[in-house]
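Peer 1: Below, each chain spelled out in residue letters.
2 protein chains.
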Amino acid sequence: MELLKNRILAEGRALSEQVLLVDSFLNHQVDVKLMKACGEEFARRFADAGITRVVTIEASGITPAAMTALTMDLPMVIMKKQVSSILKDGIIQTEVFSFTKNAPYLLTLKTDFIQPGDRVLLIDDFLANGEAAFGAIRLLEQAGARVAGIGAVIAKAFQPGIEKLRAAGYRVEALAPVSRMAEGVIEFL
Amino acid sequence: MELLKNRILAEGRALSEQVLLVDSFLNHQVDVKLMKACGEEFARRFADAGITRVVTIEASGITPAAMTALTMDLPMVIMKKQVSSILKDGIIQTEVFSFTKNAPYLLTLKTDFIQPGDRVLLIDDFLANGEAAFGAIRLLEQAGARVAGIGAVIAKAFQPGIEKLRAAGYRVEALAPVSRMAEGVIEFL
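Taken in order, these protein sequences are the chains called H and P.
Residues 586 to 774 (this note's numbering) make up the first sequence, in order.
Residues 586 to 774 (this note's numbering) make up the second sequence, in order.
Just so you know, these hints were derived from the structure itself, not from any lab.
For clarity, every value in this text was computed on a predicted model and none was experimentally measured.
Hints are supplied without guarantee of correctness; some may be wrong.
Said to hold, decoys possible - Quick list of in silico lysine to aspartate or glutamate cross-link-like pairs, EDC-like style, CA-CA up to 16 Å:
1) H:Lys-695 x H:Glu-643
2) H:Lys-618 x P:Glu-625
3) P:Lys-666 x H:Glu-643
4) H:Lys-666 x P:Glu-643
With these hints in hand, go ahead and build the complete structure from the sequences.
Peer 2: Set out below in C-alpha cells:
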C-alpha cells in the first residue's frame with residue numbers, strides 16, 4: 586500500500602535492525618484518515634474470505650481494526666491483555682510473550698463474542714514474531730471460530746511471524762512488509 | 586443521545602449500583618457503527634470549541650475517539666498506560682488510580698504530539714470518578730495545551746467525576762449520563 590509505505594519512509598525511524606518507530610501516525614499519535622485507508626485496503630483484500638467478525642488485540646491495533654470493521658459492516662472484538670473486576674466470567678485465556686514489553690501477559694477473550702462458525706479477520710498494527718497472532722488464534726479456535734485472515738498494517742517480514750503463520754496455513758496480508766531495517770534504513774519487500 | 590441510551594437499556598447490565606456492563610457493544614465487542622454515530626455527535630457538540638486534537642487513554646476510548654477525530658478531520662493521540670522499550674524518551678507521566686483494576690498506573694504522553702496552544706478534546710468511554718480525566722488534564726496542561734472539551738460516551742453522573750470537572754471549569758458532554766443504577770435498573774439524567 587503505497588500511501589502507507591510513503592508515510593513510513595517519511596516519518597518512520599528505524600532505531601535498530603529490529604525496532605521501527607512509527608508513533609507519529611500509527612500507535613501514539615494516530616492519523617485516523619490513514620487508518621481508514623488501511624481499513625478499506627484490508628476490506629478489499631479479504632472481500633472474498635467470508636469474514637463475519639473483525640478481531641484485534643488491545644491497544645494499537647484498535648484503530649485499523651475499527652476502520653476495517655466499519656468498512657466491512659461487521660462487529661469488532663477487542664481481545665484484552667488484562668482482566669478487570671468486571672471481566673472475569675465466561676472468559677478463556679492464553680499466555681503470550683511480548684518482546685516489546687519483555688514480559689508475558691494473559692490474552693483474554695469473553696466467549697460470548699465469538700460464535701462457533703465465525704470466520705475471523707484478525708487485524709493488528711504490527712506482525713513480528715507472531716506470538717500475539719498465535720495466541721489470538723489459540724483462543725479463537727478454542728471458541729469454535731476459524732481464522733480466515735490475518736492483516737497487519739506493518740509486518741517485519743525478516744522476523745519469523747509471517748512465515749510461521751503462512752506455514753501453518755493462515756492467509757496473511759501485510760500492507761507494508763518491511764524486508765530490512767538498519768539505523769536510518771527501511772526497505773520493503 | 587437516544588440511539589446510545591436505547592442500546593444501553595437493551596444490552597447493558599447494571600451488575601450493582603456502581604458497575605455497568607456494556608461489553609457487548611462498547612468495550613470488548615464493539616459496534617463500530619454506533620461508535621461512528623457517537624463520534625459524529627461529539628463532533629457536533631464541540632463544533633464551536635476550536636478543537637485542534639482529539640486525545641484518549643488506551644484502550645476502550647480509542648474507537649469513539651478515532652471516530653470523533655475522523656469526523657473532525659483531526660489527529661488523535663492515545664495516552665498510554667504502560668511504557669515500552671520503545672516509548673521512553675521525551676515523555677511525561679502522572680500516576681492515576683484505576684478503580685476498575687484497583688491499582689495505580691503511570692499515564693504517559695510523548696510531548697512531541699501535543700503542541701503548546703493545542704485545544705484538546707479528551708474522549709473516553711466512561712467517566713466515573715474522574716481520576717483518568719484529571720490525570721490526562723495534568724499531562725496535557727503540562728505540555729502547554731488547553732483542554733477545551735471532555736466527552737464521555739457514558740458518564741456515571743452519580744459518581745463525582747463529572748461535577749468535579751465542571752467545577753474546575755471544564756466543559757463536559759456525556760452522550761449517556763446515567764443518574765442511577767441498581768441490579769437490573771438503569772436510569773438516565
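Peer 1: Could you run down the list of hints and mark each one as holding or not?
Peer 2: Right, here's what the structure says about each hint:
| no. | hint | in the structure |
| --- | --- | --- |
| 1 | H:Lys-695 x H:Glu-643 | holds (14 Å) |
| 2 | H:Lys-618 x P:Glu-625 | holds (15 Å) |
| 3 | P:Lys-666 x H:Glu-643 | holds (12 Å) |
| 4 | H:Lys-666 x P:Glu-643 | holds (12 Å) |
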